[in-house]
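The lines below spell out each chain.
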Amino acid sequence: MSQSNTLVVNENRFFDPDLAIRKIARELYEGVKDLPIVSPHGHVDPSILADNKPFPNPTELILIPDHYIFRMLYSQGISLESLGIPTKDGSPMETDFRKIWQTFGDNFYLFYGTPTWAWLSHVFSAVFGIKEKLSGETAQSIYDQIDEKLKSPEFLPRAMFDRFNIEALTTTEGAEDDLRFHKTIKDSGWGGKVITCFRPDGVVNISAKGWKENIDLLSERCGFEINSYDDFIKAFENRREFFKSMGAVSTDQGVTSPYTFELTKSDANKLFQKALKGETNGADQAQFTGNILMEMARLSIEDGLVMQIHPGSYRNHNQPVFDKFGADKGCDIPLQTEYTRNLRALLNKYGNDPRLTLIVFTLDEDSYTRELAPLAGHYPAMKLGPAWWFHDSIEGMTRYRQMVTETAGIFNTVGFNDDTRAFPSIPARHDLSRRVDSNFLAGLVTRHIVDMEEARVMSRALAYDLVKQAYKL
Amino acid sequence: MSQSNTLVVNENRFFDPDLAIRKIARELYEGVKDLPIVSPHGHVDPSILADNKPFPNPTELILIPDHYIFRMLYSQGISLESLGIPTKDGSPMETDFRKIWQTFGDNFYLFYGTPTWAWLSHVFSAVFGIKEKLSGETAQSIYDQIDEKLKSPEFLPRAMFDRFNIEALTTTEGAEDDLRFHKTIKDSGWGGKVITCFRPDGVVNISAKGWKENIDLLSERCGFEINSYDDFIKAFENRREFFKSMGAVSTDQGVTSPYTFELTKSDANKLFQKALKGETNGADQAQFTGNILMEMARLSIEDGLVMQIHPGSYRNHNQPVFDKFGADKGCDIPLQTEYTRNLRALLNKYGNDPRLTLIVFTLDEDSYTRELAPLAGHYPAMKLGPAWWFHDSIEGMTRYRQMVTETAGIFNTVGFNDDTRAFPSIPARHDLSRRVDSNFLAGLVTRHIVDMEEARVMSRALAYDLVKQAYKL
Amino acid sequence: MSQSNTLVVNENRFFDPDLAIRKIARELYEGVKDLPIVSPHGHVDPSILADNKPFPNPTELILIPDHYIFRMLYSQGISLESLGIPTKDGSPMETDFRKIWQTFGDNFYLFYGTPTWAWLSHVFSAVFGIKEKLSGETAQSIYDQIDEKLKSPEFLPRAMFDRFNIEALTTTEGAEDDLRFHKTIKDSGWGGKVITCFRPDGVVNISAKGWKENIDLLSERCGFEINSYDDFIKAFENRREFFKSMGAVSTDQGVTSPYTFELTKSDANKLFQKALKGETNGADQAQFTGNILMEMARLSIEDGLVMQIHPGSYRNHNQPVFDKFGADKGCDIPLQTEYTRNLRALLNKYGNDPRLTLIVFTLDEDSYTRELAPLAGHYPAMKLGPAWWFHDSIEGMTRYRQMVTETAGIFNTVGFNDDTRAFPSIPARHDLSRRVDSNFLAGLVTRHIVDMEEARVMSRALAYDLVKQAYKL
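Chains as they are written, first to last, in the working numbering: chain A, 1122 to 1594; chain B, 1122 to 1594; chain C, 1122 to 1594.
Heads up, a few of these hints could be off.
[Claimed, not checked] With a cut-off of at most 16 Å between alpha-carbon atoms, the simulated EDC-like pairs for lysine to aspartate or glutamate come out as follows:
| # | chain 1 | residue 1 | chain 2 | residue 2 |
| --- | --- | --- | --- | --- |
| 1 | B | Lys1333 | B | Glu1346 |
| 2 | A | Lys1470 | B | Asp1444 |
| 3 | B | Lys1209 | B | Asp1449 |
| 4 | B | Lys1470 | C | Asp1322 |
| 5 | A | Lys1365 | A | Glu1423 |
| 6 | C | Lys1470 | A | Asp1444 |
| 7 | B | Lys1470 | B | Glu1400 |
| 8 | C | Lys1272 | C | Glu1181 |
| 9 | A | Lys1270 | A | Glu1181 |
None of these hints come from the bench; they were simulated from the model.
Make the full structure from the sequences, and use the hints.
Right, dumping it as C-alpha cells:
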C-alpha cells in the first residue's frame, strides 16, 4: 500500500473538529500537558532502569515486548516466530531484527485507526525525531535512525525517564520477588522515583502450575516455613511490609472473577493443605482467591497500601500459543464480569471504611454504568480505575468518561494508568489520555454542563491531582 | 476549591455546540418547553400536598430526601449521620441543618458533570431565584435566601405545584396503603391532579422481613381474612379497584428479575401457605413473584390499569447502612438483567393483546439494543419506559434514544418519567429531558434522517403525547 | 398525521452536520459510491432471478417479505392478518393489496428515525422515481406509480439486478436443497452472478420438529442412506462439494449459542442414533451443534469454504405468532451471547490456521469490545462480520466501528453484508453502509487519527476490497 511519507503528528489530534470544542479542548490541554507524569501502575521491567544499559535495537525495544503490536500482526497470519518472539521450548525464531522490522513496516497499515498507531506515531516523532511514516519503503531508514539514537547517552533508560518528566513510575512484582532491581535503583544515587507494587497472584493461584515453587520461594524470602494458612497470611504481612519499605504504595491482583467471600480460618487452611498436596481444582482456587481478597482489604486498612483489582481476563486463551511462547503473548481475552454480587462481601465488611482505598478495573465496559459507577458512587472505600487495556484508547476513554461521570463524578475515579510494558510509549499514552480528557471536558463546557473554571479544576484533577491522592504519591 | 460565584443557567445548555444542531434543537425545544408536565411515575410523598404546610428548611427540603445527593457525599467519606440522615435505631445524627448545608456547599464540586448538578442549578436558579453558585463561601447566604422563600405562601407545596404547570403527578403506594393523603387532596377542593399507583411489592415479597405484617394490614384494608392464594388474589382485585377509584391508572412492581412463569393455583397456594408459616426462601419468592407478574398482566387486561415493571436493582446492597438507616439510602446497585427468556411466558400469554400496556424499565442499558427494543418493536402490549435512575441523565438519555429508536421507533416508548422523591426538582428534570430529546432530534434533522416537520411531531410526542396516551391520562 | 408531501433524499444524508466532517465524508463517499455491490450473505429468494417474472404488486414486493416492516406495524396493534401475512393453517388474511398498502401509508410515521424509513426512502426515490412521501394521503398514488413500473421490462428482476450494479449476490440454502433455481440461472445465459451459501441448520438441529424429514431429503440428495454419524458427515462433505460446484464460497450456521466442543465419534454417533429415534432434547442438540461447528471448521480448512456463524437469536420467541404464521415473522429476539469461553475449543484447534476464515456475527453488541474484537485481533482465522440485523443501522454501524476498530483494526473485519430478503432494498442498504463508513472515517481524519490518504485506502477496503478478499470472491 503506497502512502505519502511525511509523518505529521498534528497538534490538535484527537480533538473534536467542531471549533468551539476544539478551542476549549486545546486550552484545557495546554494547562495540563506539561504536568509531570505520575504512573501508578504498569509493567516496565525495572532491570532496564537498574542496569541503565543502551537498548539493543529498535525491534527489541519497540516490537518484541509489546503484545499490542505483535498480536495484530499475528491476527493477519504472520507467525510469532517470524516476529522474533522468544519460544519456551527453544525452537527457532527469527533473530534478524532488521528483517522483523521490515515485516513490521510492510504491515504497519494494519494499525490504521488503532491506539497503537497513535502511540507509535508519537514515539517515532517526539521521542526519536523520525520525520517519515513507517512503511515497507521507510522501514530500514527508520530502523537506522532509531538504532543510531539508541547508542547515544541521551537514549539511555534513565536519561529518557528524566526527559519524559516522570515523577513516579510503578512496576509490578510478585510476592516472592526480592526487588533487587529496585534496590539497585535506590542505591544508585539517581534521583528517579521507581517503586514497586505487590502482586501476589503467583502465590494465590493455588491450582496453577508452579504454585508450590512460588510458595517455596516466598518461604525463602520470609525466612520461615509456610505450612499453614496462618503462615501464609503471616508471609503476606511480611512481604507487604518489605514492599512498603521499598516504596510500594499499592497492591494488585489479577483475578478471573471479582468474587469475594470470607472463609473461616479452618476452611481456608483446609484448602491450603489441599493445595500443598497438589489436589486443588479451579473451584477451590476461586474460593481461596475470594477469601484472599477479603484478607487483602483487611491488611490494606492496617498498613495503608492501596488495593487494586484487575479482574475478568481469560489468561492464555490460546493454548498452543501459550505452550510454545508462554504468557503475555496477546492472547488474553476478556470475560463478562459481574461486580454487584461478587464484591458485596468485601464491600459490606470493609467498603464503609474510608481508610481503605480499593481501586477496581474492568475489561467489561458494560459494567461501568450498570455496576461500577453505582458502587463507586456509594461506597467510601471504592474508586474506579481508568479505561483499561482494550479500551485504553480514544473511543474507549471517551466512553468511559461518558458512562462513569454522571453517576460517580470524577472524584471517585483515579486519573490515568499507562499500564504498559513499552517504556518509550509512556509519554505518548499520558499525552493521549490528557488530550481525550480535555476533549471530553470541552464537550461539557460547550454544552454548558460545567463552566471553564470548573473544567480547569477537573482537568488538573484528571491529569495529576487524583492519581497522586488516590495512590498516596 | 475556589470558583467564581455567579450561577449561570445557559439558555442553550445541553445542546450540541455545532450551530446547525443547536439552532434546530433550540427551535424544537421552544415548541415544547411550556407544555404542561405530566408525571406518570414518581415517589413524591403525597402528605406534602395533602398538608400543604411550608417546607421546613433548605436541608430537609433538598438534601435529606434525595439519595442522589447524600450518596455522592457519602462516597467521599462524609458520614450519613453528619448529613442528618435519620437513623432507624435512634442513634444520634446531625440536626443542625445549617451545618449540614455548609458541608453540602463545601463539597458541591463533587457533582461537577453530574445530573444532580444540572438539576440543582435549575432548582436554585429557576425555582428559588438564587444568583450565586453553591460553594463553601456561599452556602449560608443561599441557605438564608431559600429559607426565607420557603416561609412565603408562594412556596407552599400546592402553590409550587401550580407554578410548575403540573397537569398530573403520580405517587406510588403499597397495596396495603389507605391512600388517606390522596383522599385529603381530593376532598380539599384544590384542583391539582395527584394520583396514586398500585405497587404491591410489600405483599408479594413473601420471604422479606415484615411480609406477614403487610398481609395483615392488607387483610384489614380489604375487610376479609387472607388465608389462601385465592384470598390473596381477591385482595389484589379489591385493592386495584380501590386504587382505581382514587384515580390510579397504573401499577408498578420492583422485582429483582423480570422472570415470569405461571404456577398452577395449587402450587401458588402451596408457596403462599409456606410463606404464612415463614418458611419461604429467595427461590420461593422468585417463583411466587414470577407468577404474580402473570396475574398482574391478566388483571390489567381486565381492569385497564397500565402495568409497569422496574427490575434489576439489588436493593440495600450495603447491609450496615441498611441496618442503621433503612431503605432508599443510595445503596441500591443495578444487576445484569435478562428479558428475552424471562418475559417470554408473560408475553406469549398476554403480549399479543393490545388491551394490555406493559411498560418495562431497565437499569441494565445493555438490554436496550439486545432485548428490550426488539421486544417492544414486536409485541403489541409492550412499551419501553424511559432512561431510568442512573441513566436518567444527559448522556444516559442520549444513549437511550440512540439505542432504542432505530429498532423500536419512538412510538413504542412512553415519554418521560421523573421518578423523583425531590419535589422541587420536577421542572428541572422535565426540562432536562425535553432539552436532550430536542438535541437528539436535531441530530436526526441535520443528518437528514427526518425533516423538520417530522421532528416537530416527534418532539411533541416525546414531551407530551406519548406519556398521556401510554398512561391513559 | 399531516406532513408536507415532497420526498427529499438529501445528498448529504447520514453525514455529520459539522462542515469539516461532512466535506471529508462526502469526498470519501464519492470515491466509493459507484463501486459494484458485492453481497456475500443474504436471503433473496433465488426463484425471483431464475423465473425473472414481473413482481406482482408493491405490497407483495415491498411489505409482505419484509419482517422489519410488518413487525413494527404489528407492535402497534395492527394484526398480521390485516397486513396479508400468509397463515400456515389457511385461516383468512387480507388479500386486498391496495388496502394493505393504505394501512402501510397511514402508519408510515411509525418508522420515523428507523433504518427502514431510510431504506424505503431510497427505494421509493432512487429505484421507483417516487417524488412524494408515503402517507395515508399519498398511499394510493404511490401504489399506482410503483405498480405501473413493475409491469415494464426495466423492472424485471434481472434488469434491476443489472441496474443495481451487483457484482455478486449470495443467497442461502439448506443442506437438503437441490439448488434448482441456481441451476436455472446458470443455464440461462444471463451474466448475473448469483451464488448460494451452504446452511445446514435444518439437518443439524436434531431436536427440532421436521429434522427427520430433512435428513431423509438430505439422504435422497446424496444418494445414500444416512444411518450413522459417519454417514451424516459424509453427506456434509458430499453437499459442500455440490454447493461449491454451484459457485458457493461459504457456509453459514444460525446457532443459539456459539458453544463449540469436540465429541468423540462414538459420542457423536450416540446422539445421532438418539435423534433418529426422536429422543433428543435441547441439551443434546446443543452438544451436537457444538461438535458440528468443530467439524465445519475442519471441513472448511479442507475445501476452502468460508465459515460463518450467526449466533444468539431466540427464534420464534412469540409462539402464538409462530403457530399461526411460521418462521421469520419479526419475532426472533436476541439473547445475551458469550464467545470467549464458547469459541475456545474451535479456536484452539483451528483458529491458528490461516487457511480457515471464520466470520463471526453477533446480535449482542456488548460482545464487540469485550470479546469479539479481542478474539479477531488475535486469532489468524477469525474475522468479524459487520453490524447485523437490529444494529444494521446508522447508529448501530457507527457504534460497531467505534467499538471494533481500535482493537481489531479494519482488516479483521469483512466489509458489509446486506443480509436482506428485500431485493429492491439492496442498493439502499449498501449506500447507507458506505455513507456511515465514510462519515466514521471522516471523524478519524478530522481528529487527525488517520490522514486522507490512509482514509481513502480504508474507505475502499470497507466498501469493496475486504468483502471480496474475505469471501474469496
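Results for each hint:
1. A C-alpha spacing of about 12 Å is found between B/Lys1333 and B/Glu1346, which places the hinted pair at or below 16 Å, so the restraint holds.
2. Pair hint A/Lys1470 plus B/Asp1444 holds up; C-alpha atoms about 13 Å apart against a cutoff of 16 Å.
3. Restraint check for B/Lys1209 and B/Asp1449: satisfied, since their Cα atoms lie roughly 13 Å apart, inside the 16 Å limit.
4. Under the criterion of a C-alpha separation no larger than 16 Å, the hint pairing B/Lys1470 with C/Asp1322 is inconsistent with the structure, at around 28 Å.
5. With a C-alpha separation of about 12 Å, the suggested pair A/Lys1365 and A/Glu1423 falls inside the 16 Å cut-off, and the hint holds.
6. Taken as a hint, the C/Lys1470 and A/Asp1444 pair is honoured in the structure, with Cα atoms around 13 Å apart against an allowance of 16 Å.
7. A threshold of 16 Å between alpha carbons decides the hint, and for B/Lys1470 with B/Glu1400 the separation of about 31 Å lies outside it, so the pair is violated.
8. For the given pair, C/Lys1272 sits about 14 Å from C/Glu1181 by alpha-carbon distance, which is consistent with the 16 Å threshold.
9. Among the hinted pairs, A/Lys1270 with A/Glu1181 is consistent with the structure: their alpha-carbon atoms are about 14 Å apart, no more than 16 Å.
Consistency note: the structure conflicts with the earlier hints numbered 4, 7.
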